[in-house]
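Note that the sequence shown covers residues -23 to -1, 1 to 104 in mature numbering (1 follows the signal peptide of the UniProt record, and there is no 0).
Keep in mind that the hints are not guaranteed to be accurate.
Unchecked claim - The calculated lysine-lysine pairs, modelled on DSSO-like cross-linking and capped at a C-alpha distance of 30 Å, are:
id : residue 1 : residue 2
1  : K48       : K11
2  : K103      : K48
3  : K55       : K11
4  : K103      : K11
Everything labelled a hint here was simulated from the structure, so no lab data went into it.
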Amino acid sequence: MKRVIALIAAAFLLAGCSSTSTAIDLSVTEFSAKAAEPGVVTLDVRTPAEFAEGYIEGARLIDFQSGNFEKEIATLDKNATYAVYCRSGNRSGQAVRIMQDAGFTNVFNMNGGVIDWANAGLPLVKN
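Please build the complete structure, drawing on both the sequences and the hints.
Below, the structure is given as structure tokens:
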């Protein structure tokens, strides 16, 4: 009986230590609505060259591939809400998981990225 109790206790301990961070993926329509909410910070994690080709209005660029991504997000407010996107949703999904692991609690990824955004006819700012 003691052994069963010890095994159950160990199982609860291990379950409590496991990471439960999962990216919250939004469609482009859901992402557009989320990004429009007051106080939401929109992050573009593409390269500067990709950003220059067109970005979502109000987006802040933090290049995921720069080698400084974790250092740059360390300067952000972990309690704010972030809507994160890239070209296809891959890098932004990775970025969201890194942000969650760093303690950010309100982070959303756009499935399909700018490709799906543009295909849906949603606007991009082009300089």
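Now for the hints, and whether the structure bears them out:
no. : hint         : in the structure
1   : K48 <-> K11  : 25 Å, holds
2   : K103 <-> K48 : 28 Å, holds
3   : K55 <-> K11  : 17 Å, holds
4   : K103 <-> K11 : 22 Å, holds
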